[in-house]
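Build out the structure end to end from the sequences listed, making use of the hints.
If you're matching them up, the sequences are chains U and B in order. Under the working numbering, the first residue of the first sequence carries the number 1, and numbering increases by one thereafter. Under the working numbering, the first residue of the second sequence carries the number 1001, and numbering increases by one thereafter.
To be clear, the hints were calculated from the coordinates, so they are not data collected in a lab. Small disclaimer: the values here were computed from a predicted structure and weren't measured. It is possible that part of the hints are untrue.
[Stated by the list, open to error] Once the Cα atoms are required to be at most 27 Å apart in a straight line, the calculated DSS-like pairs of lysine-lysine come out as:
hint	chain 1	residue 1	chain 2	residue 2
1	B	LYS1154	B	LYS1425
2	B	LYS1052	B	LYS1085
3	B	LYS1693	U	LYS368
4	U	LYS368	U	LYS591
5	U	LYS451	U	LYS342
6	U	LYS329	B	LYS1085
7	B	LYS1693	U	LYS617
8	U	LYS342	U	LYS428
9	B	LYS1703	U	LYS645
10	B	LYS1451	B	LYS1030
11	U	LYS645	B	LYS1091
12	B	LYS1091	B	LYS1047
13	B	LYS1173	B	LYS1085
14	B	LYS1085	B	LYS1102
15	B	LYS1671	B	LYS1512
16	B	LYS1693	U	LYS646
17	B	LYS1703	U	LYS368
18	B	LYS1703	U	LYS646
[Stated by the list, open to error] Distance windows between CB atoms, simulated:
hint	chain 1	residue 1	chain 2	residue 2	range
19	B	LEU1605	U	ARG635	25 to 35 Å
20	B	ASP1658	U	GLU370	38 to 48 Å
21	U	GLU370	B	SER1162	47 to 57 Å
22	B	ASP1032	U	ALA366	41 to 51 Å
23	U	ALA366	B	GLY1315	56 to 66 Å
24	B	GLN1498	U	PRO619	35 to 45 Å
[Claimed, not checked] Pulled from the structure, derived: some chain B residues nowhere near chain U, Cβ distances all over 12 Å:
hint	residue
25	VAL1059
26	PRO1186
27	ALA1208
28	ARG1449
29	ASP1520
30	TYR1535
31	PHE1603
32	HIS1615
33	LEU1657
34	ASN1692
35	LYS1703
36	GLY1711
37	TYR1713
Here a beta-carbon is modelled for each residue, glycine too, at the ideal position from N, C-alpha and C.
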Amino acid sequence: MGEFKVHRVRFFNYVPVGIRCVAHNHQSNKLAVSRVDGSIEIYNLAANSFQEKFFPGHEGRSTEAVCWAKGQRLFGAGLGGDIIEYDLEQLSVKYSVDGFGGPIWSMAADPSGSYLAVGCEDGSVKLFHVTPDKIQLERTLERQKGRILSLSWHPSGTHIAAGSIDYIAVLDVNSGSTTQKMLMDKRHPGSQRRRCVVWGVAFLSDGTVVSTDSAGMVQFWDSETGTLVQTHPLASSDALSIAVAEKEDSMVVGTAEGTVFHFQLIPSRSDSKQSRWVRTKPFQHHTHDVRSVAHSPTALISGGVDAHLVIRPLMEKVEVKSYDAALRKVTFPHRRLISCAKKVQLLLFQFPQRLELWRLGDTDAAGKNEDILPLSRNAEHLLQLKKKGPENICCSCISPCGSWIAYSTASRFYLYRMNYENNSVSIKRVSKVPKFLNSTLQILFSADSTKLFVASNQGSLHAVQLSEGALKHLHTFHPQSGTLEAMPLLAVSPDGNWLAAAGMSSGVSIYDLKHLKPHCTVPAYNFPVTALAIAPDTNNLVIAHSDQQIFEFSIPQKQYTDWSRKVQKHGLHYLWLERDTPITHITFHPKRPTHILLHDTYMFCIIDKSMPLPDDKTPLFNQLSLREASENVRRRHAHAFKISKKFQPLLFMDLLDEGTLVAVERPLEDIIAQLPPPIKRKKFGT
Amino acid sequence: MAVLEEDFTLGGLVPGAGLDGLLGVEHGHKADLFLVTDRGRTVILYKVSDQKPLGCWSVKQGQTITCPAVSNFQTGEYVVVHDDKVLRIWKNEDVNLDKVFKATLSADVYKIHSIQNTEPLVLFRKGAVRRLDALLAEPQQKIEAVISDEEVIKWTKLFLDSNQPVLIFVTEKHGNYFVYVQMFNPHNLCKYTLLRGEEEPVTLSFAASVNERLVTLLCLSCNGSIYETLIPLNQSKPEEKQVLVTSLLLKTYVSGNVLKGVSLAILDKDHVAVMGTSLKAPKESISIWNIKFQTLQTSKELSQETSGQLWCYGGKLFMLHGKFLTVIPFKCEISSLAAALGKLKHIQAPGTQTVSHFVNWGTFQGDGLESQDSNNLAPLKGQSKSSLRTRRNETRSQLEDLTNREFLSGIKDASEKHLEQQLSKFLTDKRTPEFQITVGHIVTELVERCKAEPAFYPQSSLVQLIQTQVLSYSLCPDLMAVALEKRDVHLLQLCLQQFPDIPESITCACLKVFLSIGDDSLEETNVNVESVIGYINFAQDEKMGKTEVVQNGFSPVLLEENNFEDKLNKPDDTMNTTLTCPVTPQKAALLNAILHSAYSETFLLPNLKDLTVQHVILFLQYLHFLYEKCSENASMTLPGPCPPTLNQIMDWICLLLDAHFTVVVMIPEAKGILASLYKFVKAQVWVYSELNKIEGSLQQLQKLHQQRNMGLYSIEVLELI
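Structural data, given as structure tokens:
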């Protein structure tokens, strides 16, 4: 079949940024995750938890709270003091409104979604009215003494519980006055008196306020009387976050020790109607602080400093025992952070704040499977490119010839010309960049490095001719009328005639670059596209979807290929469909037209279209057993999916030339080593 | 195989070069150039590849060249001696030898030696040696006499051994030969007497080679035999009267004829070229012999007469053939036994004494061949050791040879008793060099007589002879046939144990005899039951001859019980009796001898098919018994001295089943054994399949361990199937 020399790269020093908040939208079953650097990701839980949208971070914008309001509008607020609405179609910041209350620590939308409550540094809770295209300050509620660290609306929308330092205030929305103040117990364990920070509050419909605080307690208060009803000491360190299910029969609490506790409302006696909150299950999926939790109808969602997003389904809520019932841990972005200049063997790594350019090493040796070959030249760090301005890098690309590097932040596009002269690299910024490029979501170079394709956030695609002196605008493909959705996935055919672009919901559009007109669209599919690529010679577009389906669409014939139909008819192997990371990159073998090379985070696969498809009875991952088997057995048992799980977690894999692959791994141990030390806990026997 | 290629001539010689031959052929300055000196006045320089002369020099009329011209590799000049004393030195450009440098010496020169990288050496008639430069510095210096007056130098050669020149010359005095080895730095001359057997014929030609401080001197005698003499160079002090022993290396019989007018040249380590005429064939021939394997490699008839001289330089043989100097290129491959199974076809005259019919490899070539005759051949084996053998020893062996011959003739009519006595006497002072050969002769004679006289069967003598451990099947092929005929199982057992080369048909015949022979007749024979005492309990066996008691032992219950097996077990209870030996210990010992013998499956299988069904079953039962016994202990071996190994047992079971499978499946008695064997095989297959299953996991574990220490960057190989 094939033997490859694999450049196994582990020097991509990428550390996922810690998660600050998670917010679940019950309506669309989407999850908004904000990270410490201000970036926001949208996960579609219905589509295999695919991370379908991404907003790059910003230095001046540390998001402390995100919430959904008015259906599917997403708001964020942070220590910058601004409230920001994100445009989920154009993947940009719609606007930002100053809260005029100093840094904002907390935000919550009322149950109807038409009001936002914002907890500020100055102790005020401000109420904003969500109008169709903006938010308006409605009123400021009674000012408290300390910063408002947590907020929760009563389901009726009449009261707000606000957690501050050492106390919880219950505010009447209509009058704006404080109706109740519940003081935290200051005699909590510990030699000296410390202030007790209320990290999280939840207002239940029966008037109970549940608080989590820095003493590691979960406390139930009666908001009518202001009395403490119930106390659950969870941990010796802080209990940081709380989220309640919509039905109010279960809640989730995250602690600084990385443990997530599940609370359930359980009838105290089997016959009686009385029931009480019981701490049922602890989950230890995190090593560090769980900064934020969310409760979807079927799952507990948690995220924290260790940057893992953990989706833990609640078994009792899952009706069909499908693969959705499995725990999901999302660590790596579902975007490509790496681009590769195949000809000159350069790798461009994209970090939020910088780009790194590396040259791969070389070897003269040959070997057999599993051998590690001696290096004749080691890999080399050529360049580090720091971003300019406060905005983080959103996308980047290196041209296949290696002489152009382009990157973009939310509002600026940068293009650099590279020169290699006897081992030294010089770089020159192309200064005259057309204005329309300044809101770029994705950058792609043509295979011959003469053209640049840019997906803008208005949904249009720009084609630009590259030359030494200036850039020449060739054409702009405008989106079909009515949609403004951004197309963050691009693919260009190696012959330069076709450009395919995919948005999250509008499907894949194909443009004819020769005649500069739209060619066709691929029939819409329910699940978002995770990767796409156009095969050389045949111009077949291969599309991977988040439900792990693969389609092959013939661009010249404007229809699915026979193989694609065969795959759909035959069905994919169940183990293939149960993988929980999306395919993030597809490439092709120049000499073997039947091969499709693709990878997700935990496997690399070559699909040989000429081979029989595996059915559910044949083992999918059969490389090991085939290797032991005789030639005859091999021939009998080999199938189209040749999967290697050797490289994990795999962030990027590409074919450099016929026999060379590059695999960029990011071992979890290396990430953990760069995280701050977790809270030390005494373990038995230590 | 060595090959003599097509010969070619080097142009016509100048007149005067008659059949009395040339003075010599010597190397020129370049590889392809040769200086040919005739007995008259002329020196010619030939370029061999072009087959043409490059230069020709003559001395004046009346003068005679007495010593072959050589080139001085140091200076690029040529040196020749004419009229015994006059030295001439010239260059390529010189035309007339009269006008070149001349030096008259004070003594007669025998030969000038010149080889690459050394100063030429001048050997005088009286044995003195001088360096040419030393001589030229003072031509008239006094030359001492080294050898006595009556000694005449016959042959000489100069070698370079470990960059030291070594000059060797052979002198003759009244039919006795002496070898002088002259070494330089320190100047050291050793004299050896070349000891030769009385009957040894006149030596015709010498050749020598040197290897690791050991000179091998080969002498070709007029009867065509080549004798070898080893002269160690590392003797520090010259001793008086050292004796060198010659040993026969090769007899160059060509069609049973003796060579005449011969010449010898060493081609390489293993090959010599011999030139001469044989008595029967009038024409001369040249042949290449492999001395390691004593075989004739190639031979070529020469159409015209030669001068009886042969030179060998760099893959080419030079000779005077008719009136022309002929060059025969040759090629010698590295001698291997396969290549050495040469061209020699022995056409033996019926009446001749065929002593050499048994080739005693040990005596000819010590190296590479394991010799049983240790005390005699040790010095030869390590050739660097002293190769001196005393004369006394030599004569003694010859005396013995005589008695042996008498003894052999006695076999023909002596009685068994008498023979036995004679034999024990002969065997007591054994270990003469030809011991093996003699024993072979004796056995052959005895067997011959056994065949001739059915009543004659000297069993004890034969046993004695076999126990000398020098016999093999091929040495006396009829012996086992006779023993088989007489059903002498003791002798057969001995043969099976001793002979390494029994053909499969004979092994099978023995097996048949062993299986068919009655137990009571075995009781009387003194079969060696050593190999079975470890695992067959005699007393029990005798007592329980037919009662068949079940022993509580191992039964392989590796598999879940099979239903059909139970069914099989019911009709006959062979399964239960497996641990009782199905044969008597004597028979078992005999069968063990069979199991131990070497065989090749292809040849054994057809012979095995001849066994009768009863024999097959009996043998199978015994093998199965052995297997069960093996399985009793963890190491899967049988106790006792040299028992059959598990592999042998298994191989024989397989062979037996292969040969008789169709028959065996039909017989009810065999069912038990087959079932048991099937179970065993199934268990094995199961074990292996289980092992195969976990192999991947185990490998994975190993890989996991490897992956621990990975750096940030590596290039690895990935294969997808």
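**Asked** When you check the alpha-carbon spacing of LYS1052 (chain B) and LYS1085 (chain B), does it fall within 27 Å?
**Response** violated, 31 Å
**Asked** Are the Cα atoms of LYS342 (chain U) and LYS428 (chain U) separated by 27 Å or less?
**Response** Holds, because 21 Å separates the two Cα atoms, which is no more than 27 Å.
**Item:** Pairwise hint evaluation, LYS1030 (chain B) against LYS1451 (chain B), where the allowed Cα distance is 27 Å at most
**Value:** Distance of about 67 Å is beyond 27 Å: violated.
**Message:** Just to be careful, I want the Cα atoms of LYS645 (chain U) and LYS1091 (chain B) compared with a cutoff of 27 Å; is the pair within it?
**Reply:** Given pair LYS645 (chain U), LYS1091 (chain B) is violated - Cα atoms ~81 Å apart, limit 27 Å.
**Prompt:** Would PRO1186 (chain B) pass as off the interface with chain U, using Cβ distances and a cut of 12 Å?
**Reply:** Holds: least Cβ distance 55 Å, greater than 12 Å.
**Request:** Indicate whether the distance between the beta carbons of ASP1658 (chain B) and GLU370 (chain U) respects the range 38 to 48 Å.
**Result:** holds, 41 Å
**Message:** Just to be careful, I want the Cα atoms of LYS1671 (chain B) and LYS1512 (chain B) compared with a cutoff of 27 Å; is the pair within it?
**Reply:** holds, 23 Å
**Request:** Check the non-interface label on PHE1603 (chain B): least C-beta distance to chain U beyond 12 Å or not.
**Result:** Given that every Cβ of chain U is farther than 12 Å from that of PHE1603 (chain B), nearest at about 31 Å, it holds.
**Asked** Checking the smallest CB distance to chain U, is LYS1703 (chain B) really beyond 12 Å?
**Response** Contrary to the label, LYS1703 (chain B) does not stay out of reach of chain U, its closest Cβ about 7 Å off (not over 12 Å).
**Asked** Measuring from beta carbon to beta carbon, are ASP1032 (chain B) and ALA366 (chain U) in 41 to 51 Å?
**Response** holds, 45 Å
**Asked** So does LEU1605 (chain B) sit 25 to 35 Å from ARG635 (chain U), Cβ to Cβ?
**Response** Holds, since LEU1605 (chain B) and ARG635 (chain U) (Cβ atoms, about 34 Å apart) stay within the stated range.
**Item:** Non-interface label on TYR1713 (chain B), tested against every C-beta of chain U at 12 Å
**Value:** violated, 5 Å
When held up to the earlier numbered hints, the structure conflicts with 1, 2, 6, 10, 11, 23, 24, 34, 35, 36, 37 and fits the remainder.
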